[in-house]
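Dock chain one against chain two, each of which comes alone in its own frame, and use the hints as you go.
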Amino acid sequence: MEWIKSILASQVGFSVVFAFLVINIMMLVVTYCIYFERKISAWIQDRIGPNRVGPAGVIQPFADGLKFFLKEDWVPPWADKVLFVLAPISLFFLALIGFAVVPWAGKLHWPWMPEGACVDTQVASIDIGLLYVLAVGGLHVYSIVLGGWASGSKFPVYGGLRGTAQALSYEIPMGLGLFVIIVATGSLRLEEVLAQQARMWHIGGVPVWPAWQVFLHPLTFLLVVVAMFAETNRLPFDFTEAEQELVGGYHTEYSALKFGAFYLAEYANMITLSAIVTVLFLGGWHWPGVSGEWTSIWAVLLRFAIIWIKIILFLFLFMWVRWTLPRLRYDQLMHLAWLGLVPMGLALVAWTAVLALFGWQNSWLAPVGEIVIFVIVVAIAALRPAVVTGRQPDLPPIPTGAEGAGQ
Amino acid sequence: MADWRDTDVIRLEAPKLTPLERTYLPQIAQGLGVTFRHMFQKKFTLQYPEEKRKMRIQNYRGFHRLNRDEQGRVACVACFMCPSICPAQCIYVVAGEAPWPDREKYPVKFEIDELRCIFCGMCEESCPVDAIELTPEYGLLGYTREEMLFDKEKLLRMYDLTKDYKPRKSPKITGYPKPVDKRATSTHESL
Numbered sequence: 000m001e002w003i004k005s006i007l008a009s010q011v012g013f014s015v016v017f018a019f020l021v022i023n024i025m026m027l028v029v030t031y032c033i034y035f036e037r038k039i040s041a042w043i044q045d046r047i048g049p050n051r052v053g054p055a056g057v058i059q060p061f062a063d064g065l066k067f068f069l070k071e072d073w074v075p076p077w078a079d080k081v082l083f084v085l086a087p088i089s090l091f092f093l094a095l096i097g098f099a100v101v102p103w104a105g106k107l108h109w110p111w112m113p114e115g116a117c118v119d120t121q122v123a124s125i126d127i128g129l130l131y132v133l134a135v136g137g138l139h140v141y142s143i144v145l146g147g148w149a150s151g152s153k154f155p156v157y158g159g160l161r162g163t164a165q166a167l168s169y170e171i172p173m174g175l176g177l178f179v180i181i182v183a184t185g186s187l188r189l190e191e192v193l194a195q196q197a198r199m200w201h202i203g204g205v206p207v208w209p210a211w212q213v214f215l216h217p218l219t220f221l222l223v224v225v226a227m228f229a230e231t232n233r234l235p236f237d238f239t240e241a242e243q244e245l246v247g248g249y250h251t252e253y254s255a256l257k258f259g260a261f262y263l264a265e266y267a268n269m270i271t272l273s274a275i276v277t278v279l280f281l282g283g284w285h286w287p288g289v290s291g292e293w294t295s296i297w298a299v300l301l302r303f304a305i306i307w308i309k310i311i312l313f314l315f316l317f318m319w320v321r322w323t324l325p326r327l328r329y330d331q332l333m334h335l336a337w338l339g340l341v342p343m344g345l346a347l348v349a350w351t352a353v354l355a356l357f358g359w360q361n362s363w364l365a366p367v368g369e370i371v372i373f374v375i376v377v378a379i380a381a382l383r384p385a386v387v388t389g390r391q392p393d394l395p396p397i398p399t400g401a402e403g404a405g406q
Numbered sequence: 000m001a002d003w004r005d006t007d008v009i010r011l012e013a014p015k016l017t018p019l020e021r022t023y024l025p026q027i028a029q030g031l032g033v034t035f036r037h038m039f040q041k042k043f044t045l046q047y048p049e050e051k052r053k054m055r056i057q058n059y060r061g062f063h064r065l066n067r068d069e070q071g072r073v074a075c076v077a078c079f080m081c082p083s084i085c086p087a088q089c090i091y092v093v094a095g096e097a098p099w100p101d102r103e104k105y106p107v108k109f110e111i112d113e114l115r116c117i118f119c120g121m122c123e124e125s126c127p128v129d130a131i132e133l134t135p136e137y138g139l140l141g142y143t144r145e146e147m148l149f150d151k152e153k154l155l156r157m158y159d160l161t162k163d164y165k166p167r168k169s170p171k172i173t174g175y176p177k178p179v180d181k182r183a184t185s186t187h188e189s190l
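So the protein sequences, as listed, match chains A and B.
Just so we're aligned, residue 0 is where the first sequence starts under numbering that gives the first Met the number 0, counting upward by one.
Just so we're aligned, residue 0 is where the second sequence starts under numbering that gives the first Met the number 0, counting upward by one.
Check before you lean on any hint, since a few could be wrong.
[Said to hold, decoys possible] Using C-beta positions, here's what the derived DEER-type ranges look like:
id : chain 1 : residue 1 : chain 2 : residue 2 : range
1  : B       : Gly-138   : A       : Val-57    : 51 to 61 Å
2  : A       : Arg-328   : B       : Val-8     : 16 to 26 Å
3  : A       : Ala-255   : B       : Leu-31    : 52 to 62 Å
4  : A       : Gly-185   : B       : Glu-12    : 23 to 33 Å
5  : B       : Glu-124   : A       : Arg-328   : 48 to 58 Å
6  : B       : Leu-45    : A       : Ile-88    : 35 to 45 Å
7  : B       : Glu-12    : A       : Val-57    : 49 to 59 Å
8  : B       : Val-8     : A       : Gly-151   : 49 to 59 Å
9  : A       : Asn-50    : B       : Lys-53    : 16 to 26 Å
10 : A       : Gly-53    : B       : Arg-10    : 51 to 61 Å
11 : A       : Lys-66    : B       : Gly-138   : 21 to 31 Å
12 : B       : Glu-145   : A       : Lys-66    : 22 to 32 Å
13 : A       : Lys-66    : B       : Arg-156   : 30 to 40 Å
14 : A       : Phe-61    : B       : Gln-57    : 44 to 54 Å
Think of the hints as simulated: they come from the structure by calculation, not from any bench.
Just so you know, even glycine gets a beta-carbon here, dropped at the ideal spot from N, CA and C.
Chain B on its own, in the form it takes in the complex (with noise of 0.2 Å):
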């Protein structure tokens, strides 16, 4: 069962105490003392919902928020891009003809069930014209699951509050990399 040796094993022993120590009394006084002196000194807590901590994570996934154009109108084309590439399906999108000269298309709903949403980042990766992005928001609560299935209206509202966030965007993939290894190599030549 076992595939280890005797020489695996490594063997700690318990450093030597001095015979004051085999006491332990100083080391109670001792201990008594850094505790009373913690007592007073600065505390760490965060006193969270009026507190936040200041996210230093630059690329954070939290809720979603649906960009506005520069006219102020939702940035969507419905292209159908990210309810296809969700891996938890929970993007939901009804397609329109906009109304609008610049495109064909644009969502007439756009719902996000957020308590379904693994936080991925695949839609933000995904969108053609940066239109679905996520912000570094986490600390939005529902009573209900309707409240937490957000639509057009409300993801809009998101991208109103947290306009100044500009997220971190990944390298643009210009090409597939080279093949290094010569098994790969064939491989690829055969396919």
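Next comes chain A alone, as it looks inside the complex (with noise of 0.2 Å):
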């Protein structure tokens, strides 16, 4: 026993048994997300959803994991077999590294460590933990991009060639809204910029509102989720696999466990991402009462339960978004990255720096000059001229039967 005991005290070990643990969570509540992504799906167009497999349909997601393992699994004889096995195996790889800088419940002590030590339950606290987000979340397509490849057919070239173009755009405004974070809270560790969010704001002396970073940088929060939903590719933007247009997308020639790896390092991926926008703007584990200096086990299984509220509520809009908004056009795409996303980045980066320069970024000027920026974009989204699509009326007529059509 005394060496369990001395592995949890030593923060390494501890890390190892945490990464282990939260692995197992993450991947139950990708189980239970492919179920209710299933059942809220169900709920929205009327219906009541899986429900034959154990109370409730519980048990559904298991048959469906069960399914993908009795499935004939197929690889194309034109495919490029390695990489072909290789961009299930990476995708689902870079899914489940991003949650590593995630500093999850805050600090722990166990009764037998010395009187004040404590271990963190983060798997790894790295200095440029923003940057490892960053460079996870951009590894992502590569896998997408090499499964489309290695498949060897048409469809999962364009969806992984889709996917490329629209990750390098989206990138951008992720890379900007997370620089706004940099720039306001002057950290990279996800640690520190959690620590700020621990203040409250009081009115009167009274402690009213938490300083989470959602109500400072509320357009920042909103370009970050909405470059979020274009870097997990969900409807509205899951061009890489569009049905109606691509078959499968880049998982087209994918059967069986490979496919079940597409689809779960979806989920997985759609959860860290989550986590990290968690921890930059809602607060982490930080809840008005809830004090980072309690240490003792219940507290940080307490922190522990809140942080996962917090993402488990984000997933619930992923699905809600999924099935509420349809599909955009691959130019509506573009157009939203380039000419909306990218130049509102750049605003609230320059007006994040301008405040920064005078030290004024965490005051109310921040939300302020954020709500103007937007009421500005959008203003100049509503006056611009439309953009001009299909068949216009100043064409040529279409040529009469006699003359035309063929001959």
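Following this line, the structure appears as structure tokens:
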């Protein structure tokens, strides 16, 4: 027993144990994401959804998983075998390593540890946490384009190529949004960003409202969320697998467990990004009344529950939006990124930088300025000339039947 | 090849959007509101095998039954009308001498291959004693082809199960309609 205690008391040992724990929790949540995706789609469409396997269908995701095991695992003979197998593995891997920098639940003190010593409930506390998040998120599209290319047929390649252009376009607003946070907090460490959200706003000496970044930078939050939808290839930005256009997109040729890995990785990626946005904007495990000073195992569990509730609400938003909005057209996607989000992100960065110059980046000027930028952006979007698409009435008339039509 | 004109083409123009609509933001909020409301609305799902939708068509043509007469005997007189008219040739009857005084023949064997049947209802129309009828039952399943080969006992059992159901009869045809077209009249007369 002593050696277990000593492992849990050392940061490295605890990180390994904690990583194992979090991966398992994540896999469980991923499983139930699939279940709730189906349930929520059903509820929105006035249906009931899966309810046969187990009470209210709660074992359904396991039945789905078992199905993936039993299906024929077909590899196209024209595929690049190595890359074809590597693509889902790498996507899954990337989706799982992203959470390593998430500060899950603050500091933990075991009773057998010396007084004042604590371990971090974070797998890796690295100085460049935010850059790590961006790097892992950027690598994500490689797996998709790899899967599309290795399949060796047309639709997967289209899916992969679309994914590349989309990821390139939306990395920029994402990076600009995160840059606002970097400027505002002056740190790339996620736990430092989080620590700045611990304080409360006071009115007359009474703490009334948590100073989360979402209230300081509402438009940045919106920008990052939109970019996040694009990064995770969720509707309305699921261009890599647009069924009506590309059959299955990059995973058209995949079957059985390899398809399952793609499927799970999509959700794992959603959870990782939700966790990061929760930490950056929604105060992570902070909640009014819950203190970071508490270090007992129960306090850690409470904070762990709080962050997971926030993540789950975020996942609900993902699903809610998915079953509400139709997919954009490809040119609309590019318009939104390059003519909408990128200029808006630049304006936000400029505004926050100006404020940071005077040390006002956490004052009321930040949200007011962001709201002004939002109004300006909306006004420009509303008043600019409409994008003209489709056949125009001033084109020459279609030739009449006799002389025209193919002869 | 094509025989259309430019005037045949209907040109549609996209509806003009107001400036606020052009940003799509109110529409997105509205859409999210609609879907959120629907999450709590009454569901239209019918739990099929347990709950069945009320059959709203009175003369739905489902699986067959072989009627019994008042004394509980099979009503069929083995006249071979139904196997003769059946377009799918799925009815197989073996006639035998009736053990009862009120008729000459009765079916010793009466089999319908329900997998072959196209549910056209011709057997029901052709039956002179209304012995074979189609019921509104549609949910009978079998694991093998043999199970779906309904014999006389099974068809009589179908009658016991659906006794209360009376199929709506087509009106009796009492004579051929009078020809109205002059050309048709001449053709008719020349025949």
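Verification of the supplied hints:
Distance hint for Gly-138 of chain B and Val-57 of chain A: a CB-CB separation of about 28 Å, inconsistent with the stated range 51 to 61 Å. Evaluation of the 16 to 26 Å hint for Arg-328 of chain A and Val-8 of chain B yields a pass: the beta carbon distance comes to about 23 Å. At about 36 Å, the beta-carbon gap between Ala-255 of chain A and Leu-31 of chain B misses the expected band of 52 to 62 Å. Taken as a hint, the range 23 to 33 Å is violated for the pair Gly-185 of chain A and Glu-12 of chain B, whose Cβ atoms sit roughly 53 Å apart.
As the Cβ distance of Glu-124 of chain B to Arg-328 of chain A is approximately 55 Å, the hint placing it in 48 to 58 Å holds. Roughly 43 Å separates the CB atoms of Leu-45 of chain B and Ile-88 of chain A, a value that falls within the hinted 35 to 45 Å. A hinted range of 49 to 59 Å holds for the C-beta pair Glu-12 of chain B and Val-57 of chain A, which are about 50 Å apart. Val-8 of chain B and Gly-151 of chain A have their C-beta atoms about 41 Å apart, which leaves the hinted 49 to 59 Å range violated.
In this structure, Asn-50 of chain A and Lys-53 of chain B meet the distance hint of 16 to 26 Å, their C-beta atoms being roughly 22 Å apart. At roughly 55 Å, the beta-carbon separation of Gly-53 of chain A and Arg-10 of chain B lies within the given 51 to 61 Å, and the hint holds. A beta carbon spacing of about 26 Å between Lys-66 of chain A and Gly-138 of chain B agrees with the range 21 to 31 Å that was offered as a hint. For the pair Glu-145 of chain B and Lys-66 of chain A, the supplied restraint of 22 to 32 Å holds, since their beta-carbon distance comes to about 30 Å.
Checking the proposed 30 to 40 Å range against Lys-66 of chain A and Arg-156 of chain B shows it holds: the Cβ atoms sit about 38 Å from each other. At roughly 45 Å, the beta-carbon separation of Phe-61 of chain A and Gln-57 of chain B lies within the given 44 to 54 Å, and the hint holds.
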